[in-house]
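With chain A held as given, fit chain B onto it using these hints.
There are 2 protein chains.
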Amino acid sequence: MQLTLYTDYSLRVLLYLGQKEAGESATISEIADFYGVSRNHLVKVVHHLATLGLLKTTRGKGGGVRLARDPATVTIGEVVRATEPHFHLVECFDPEAPTCSVLNDCRLKGVLGEATRAFFSVLDRYTLADMLQPSTSADELTIPLNRIRRG
Amino acid sequence: MQLTLYTDYSLRVLLYLGQKEAGESATISEIADFYGVSRNHLVKVVHHLATLGLLKTTRGKGGGVRLARDPATVTIGEVVRATEPHFHLVECFDPEAPTCSVLNDCRLKGVLGEATRAFFSVLDRYTLADMLQPSTSADELTIPLNRIRRG
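Line by line, the protein sequences are chains A and B. Under this note's numbering, the residue at position 66 of the first sequence is numbered 66, and the numbers go up by one with no gaps. Each position in the second sequence, counted from 1, maps to that position plus 151 in this note's numbering.
Just chain A, with the same shape it has in the complex (with noise of 0.2 Å):
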């Protein structure tokens, strides 16, 4: 179970710029050198993300990119929803690859549905800004694998 590294990509984007001062840019280069990844591939997360409105870029000498909205403004929910290509969790949710219909009966893709809105539900109640101020219930957020191995 994961995201796409599109969506990684984006959220590393917008939480690097979230932590310079209002309105400060920053280069896709450095963003690209912070985190050691192709700035090849942060080009083109970084034009997706100015056209939802979450950037703005300036071209030439200082220029540079920023984020468009305050951070405390944006949820965590909403850019995954605008970054992940589908939610397609198993075959039978994709509309162009039925190969499941016999079984008309079967409730899995309602509770596969159910289990993905109380995903987000979680992911909508934090903020940009909430990922970047330290924790002050830091126990409860350091062992999620744990605790989805063990159920």
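Just so you know, the hints here were simulated from the structure itself, not pulled from any lab data. The model shown is predicted, which means the values in this text are computed figures rather than measured ones. Check the hints yourself; a few may be wrong.
Unchecked claim - Here are the simulated lysine-lysine pairs, DSS-like style, with alpha carbons at most 25 Å apart:
1) A/Lys-61 / A/Lys-44
2) A/Lys-61 / A/Lys-109
3) B/Lys-212 / B/Lys-195
4) B/Lys-195 / B/Lys-207
5) A/Lys-20 / B/Lys-260
6) A/Lys-44 / A/Lys-56
7) A/Lys-109 / B/Lys-171
8) B/Lys-212 / A/Lys-109
9) A/Lys-20 / A/Lys-61
10) A/Lys-44 / B/Lys-260
11) B/Lys-171 / B/Lys-207
12) B/Lys-195 / B/Lys-171
Claimed, not checked - Under 8 Å between C-beta atoms, here's a sample of chain A residues computed to sit facing chain B:
13) Met-1
14) Tyr-6
15) Ile-28
16) Leu-52
17) Arg-69
18) Asp-70
19) Val-90
20) Thr-116
21) Leu-123
22) Met-131
Claimed, not checked - Over 12 Å on every C-beta distance to chain B, these chain A residues come out as not near it, computed from the model:
23) Gly-23
24) Glu-24
25) Lys-56
26) Ala-68
27) Ser-121
Each residue gets a CB set at the ideal place from its N, CA and C atoms; glycine is no exception.
What follows is chain B alone, placed relative to chain A:
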């Protein structure tokens, strides 16, 4: 955002066998034909589900595969946990690819972990048997994608 095809096929095998009469077997070829998927893929899936104690296999003429447990005792969460290779939603979850170690105070990993726990808390409430019973609240279970997109 998606689960692996391996999890998809695992759930399909279990659901196919779950709709049989108790103790009734099917061949792997029968299940592969039903879903129109590769028999070779299902061989691996069936072997794994048998090692997990979810299926029993019988060799020879008249042999086949059947559920090893009452479908009312097998939760969807249990199956997905056992068949997904990992829950590294973004790269910072992966201890072998920690290219984002610089933003040490970033809370994203913790929040995605909390969202993943919410996802599984739904899947843990439903069993294989629930998937095969006609829904009593069908409306609630058939419009998940729209709701996800709208937020």
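Structure-based check of each hint:
no.: 1; hint: A/Lys-61 / A/Lys-44; verdict: holds, 20 Å
no.: 2; hint: A/Lys-61 / A/Lys-109; verdict: violated, 51 Å
no.: 3; hint: B/Lys-212 / B/Lys-195; verdict: holds, 20 Å
no.: 4; hint: B/Lys-195 / B/Lys-207; verdict: holds, 14 Å
no.: 5; hint: A/Lys-20 / B/Lys-260; verdict: holds, 20 Å
no.: 6; hint: A/Lys-44 / A/Lys-56; verdict: holds, 14 Å
no.: 7; hint: A/Lys-109 / B/Lys-171; verdict: holds, 20 Å
no.: 8; hint: B/Lys-212 / A/Lys-109; verdict: violated, 35 Å
no.: 9; hint: A/Lys-20 / A/Lys-61; verdict: holds, 19 Å
no.: 10; hint: A/Lys-44 / B/Lys-260; verdict: holds, 24 Å
no.: 11; hint: B/Lys-171 / B/Lys-207; verdict: holds, 14 Å
no.: 12; hint: B/Lys-195 / B/Lys-171; verdict: holds, 21 Å
no.: 13; hint: Met-1; verdict: holds, 5 Å
no.: 14; hint: Tyr-6; verdict: violated, 11 Å
no.: 15; hint: Ile-28; verdict: violated, 17 Å
no.: 16; hint: Leu-52; verdict: violated, 14 Å
no.: 17; hint: Arg-69; verdict: violated, 16 Å
no.: 18; hint: Asp-70; verdict: violated, 18 Å
no.: 19; hint: Val-90; verdict: holds, 4 Å
no.: 20; hint: Thr-116; verdict: holds, 6 Å
no.: 21; hint: Leu-123; verdict: holds, 5 Å
no.: 22; hint: Met-131; verdict: holds, 5 Å
no.: 23; hint: Gly-23; verdict: holds, 20 Å
no.: 24; hint: Glu-24; verdict: holds, 16 Å
no.: 25; hint: Lys-56; verdict: holds, 22 Å
no.: 26; hint: Ala-68; verdict: holds, 19 Å
no.: 27; hint: Ser-121; verdict: violated, 7 Å
When the structure is compared with the earlier hints, violations turn up for hints 2, 8, 14, 15, 16, 17, 18, 27 and for no others.
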